[in-house]
Amino acid sequence: MKGGLPFGYTSASVAEIRENIDTEAAVVCLKDTAVDHPRVLIEAFIECIPDLLSWLETNGRDYPWRQTTDPWKVYSAEILLQRTRGDAVADIYDDFQDHFPTPRDLYEASEEEIREMVHSLGFVNHRTRTLKEIGELFVEEHAGKVPDSLDELTRPWRAGTYSARACQLFARGEPLALVDANYSRVIGRVLGYQMPDQPHKSDDVYELMEALVPKEPGLARAFNFAILDLGALICTPQNPRCETCPLQNACVYAGKQQLTD
DNA sequence: CTCCTGCTCG
DNA sequence: CGAGCGGGAG
Numbered sequence: 002m003k004g005g006l007p008f009g010y011t012s013a014s015v016a017e018i019r020e021n022i023d024t025e026a027a028v029v030c031l032k033d034t035a036v037d038h039p040r041v042l043i044e045a046f047i048e049c050i051p052d053l054l055s056w057l058e059t060n061g062r063d064y065p066w067r068q069t070t071d072p073w074k075v076y077s078a079e080i081l082l083q084r085t086r087g088d089a090v091a092d093i094y095d096d097f098q099d100h101f102p103t104p105r106d107l108y109e110a111s112e113e114e115i116r117e118m119v120h121s122l123g124f125v126n127h128r129t130r131t132l133k134e135i136g137e138l139f140v141e142e143h144a145g146k147v148p149d150s151l152d153e154l155t156r157p158w159r160a161g162t163y164s165a166r167a168c169q170l171f172a173r174g175e176p177l178a179l180v181d182a183n184y185s186r187v188i189g190r191v192l193g194y195q196m197p198d199q200p201h202k203s204d205d206v207y208e209l210m211e212a213l214v215p216k217e218p219g220l221a222r223a224f225n226f227a228i229l230d231l232g233a234l235i236c237t238p239q240n241p242r243c244e245t246c247p248l249q250n251a252c253v254y255a256g257k258q259q260l261t262d
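For reference, each letter of the first sequence is one residue, going 2 to 262 in my numbering.
Hints may contain errors.
In silico PhoX-like pairs for lysine-lysine, Cα to Cα no more than 20 Å straight-line [unchecked claim]: (1) K74 x K32; (2) K146 x K133; (3) K3 x K216; (4) K257 x K146.
Label-pair distances were calculated between CB atoms; the ranges are [to be verified]: (5) D204 x P65: 52 to 62 Å; (6) E208 x S12: 26 to 36 Å; (7) R86 x D23: 13 to 23 Å; (8) Q68 x E25: 46 to 56 Å; (9) T162 x E109: 45 to 55 Å; (10) D96 x S12: 33 to 43 Å; (11) G174 x N240: 31 to 41 Å; (12) T245 x R86: 34 to 44 Å.
Simulated from the structure, these hints should not be mistaken for laboratory data. What you are looking at is a predicted structure, and each value in this text was computed from that prediction instead of being measured. Glycine is no exception: its CB is placed at the ideal position from the N, C-alpha and C atoms.
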């Protein structure tokens with residue numbers, strides 16, 4: 002992987018980005034939508050990505066689980082982060098890793114111990130059961146290691162697609178895209194793509210997002226963090242701050258906003 | 001009051 | 001599909 006932690010490879014040129022993205026695949030994904038000029042849009046998007054990555058370098062959120070590619074530190078963080086603010090997880094994360102530095106420590110812990118650890122995050126019953134099952138499965142079937150496949154990572158109850166893909170992306174360097182409400186909103190606005198009601202259940206959405214992710218692991222990591230942080234800090238559901246967005250020159254939505262000013 | 005790196009169940 | 005889970009922060 003090129004580039005250092007926490008963000009990955011954040012100083013790539015447009016040429017380098019272009020070599021790492023399947024432009025044709027992305028254009029095809031936009032063809033049958035309401036978009037008028039898919040190729041122009043994708044090209045404009047690609048040309049903004051260096052700015053997007055340098056925006057991440059200075060404005061990205063520096064959480065402890067971004068400082069590592071250790072699969073356990075990443076995967077356990079993803080479970081804690083489900084429907085939960087990063088700042089809330091950051092408050093307990095170091096404590097959690099001290100108590101449960103490996104899946105085996107979780108396996109040997111009492112339910113009360115786990116419950117107390119995750120209490121401040123909410124979803125207490127859910128998370129306790131999930132973490133318990135993760136400990137059991139990883140110890141009994143994977144020698145206490147975090148498995149290296151999406152199928153195995155989604156086997157524990159309430160360990161789903163997003164968490165598994167995030168682990169493979171951030172810990173193993175696989176060029177996957179994450180699909181959730183935030184992510185879909187950002188990509189949907191930028192490319193003028195009409196997102197379905199449940200984006201994470203649409204194969205078309207995954208296909209589009211995946212086409213946009215740079216293949217090089219360090220770039221894939223940085224790209225995903227950048228979109229994630231854009232959704233949280235700039236491209237918010239209401240009152241997005243388009244003026245300070247690194248994608249404003251490529252963004253269909255920001256263009257419309259300017260016209261109505 | 002809403003929202004947060006989702007996911008399962010009916 | 002929709003409902004429900006949940007505490008904490010704004």
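Problem set entry | Distance restraint evaluation - T162, E109, Cβ atoms, bounds 45 to 55 Å | Violated, at about 29 Å.
For this session: Return holds or violated for the Cβ distance of E208 and S12 against the range 26 to 36 Å.
Result: Given range 26 to 36 Å: holds, Cβ gap about 29 Å.
Exercise. Should the hint that T245 and R86 are 34 to 44 Å apart at their CB atoms be regarded as holding?
Worked result: Since T245 and R86 have Cβ atoms about 21 Å apart, the given range 34 to 44 Å is violated.
For this session: Look at the Cβ atoms of D204 and P65 and judge whether their distance stays inside 52 to 62 Å.
Result: About 34 Å separates the Cβ atoms of D204 and P65, which means 52 to 62 Å is violated.
Exercise. So the hint says 46 to 56 Å: do the beta-carbon atoms of Q68 and E25 match that?
Worked result: violated (36 Å)
Exercise. Taken at face value, is the distance from the CA of K146 to the CA of K257 at most 20 Å?
Worked result: With Cα atoms ~49 Å apart, K257 and K146 exceed 20 Å; violated.
Exercise. Holds or violated: are the alpha carbons of K74 and K32 at most 20 Å from each other?
Worked result: Between K74 and K32 the Cα gap is close to 40 Å, so the pair fails against 20 Å, i.e. violated.
Problem set entry | Cβ separation of D96 and S12, checked against the hinted range 33 to 43 Å | At 34 Å between Cβs, range holds.
For this session: Just tell me: holds or violated, for the beta carbon distance of R86 and D23 against 13 to 23 Å?
Result: violated (34 Å)
For this session: Quickly compare the C-alpha distance for K3 and K216 to 20 Å and report which way the hint goes.
Result: Judged against 20 Å, a Cα distance of about 12 Å means the pair holds.
Problem set entry | Outcome of range test on Cβ distance (G174, N240; 31 to 41 Å) | Since the Cβ atoms of G174 and N240 sit about 35 Å apart, the hinted range of 31 to 41 Å holds.
Exercise. Are the Cα atoms of K146 and K133 separated by 20 Å or less?
Worked result: holds (15 Å)
The structure does not agree with the numbered hints 1, 4, 5, 7, 8, 9, 12 stated previously, though it agrees with the rest.
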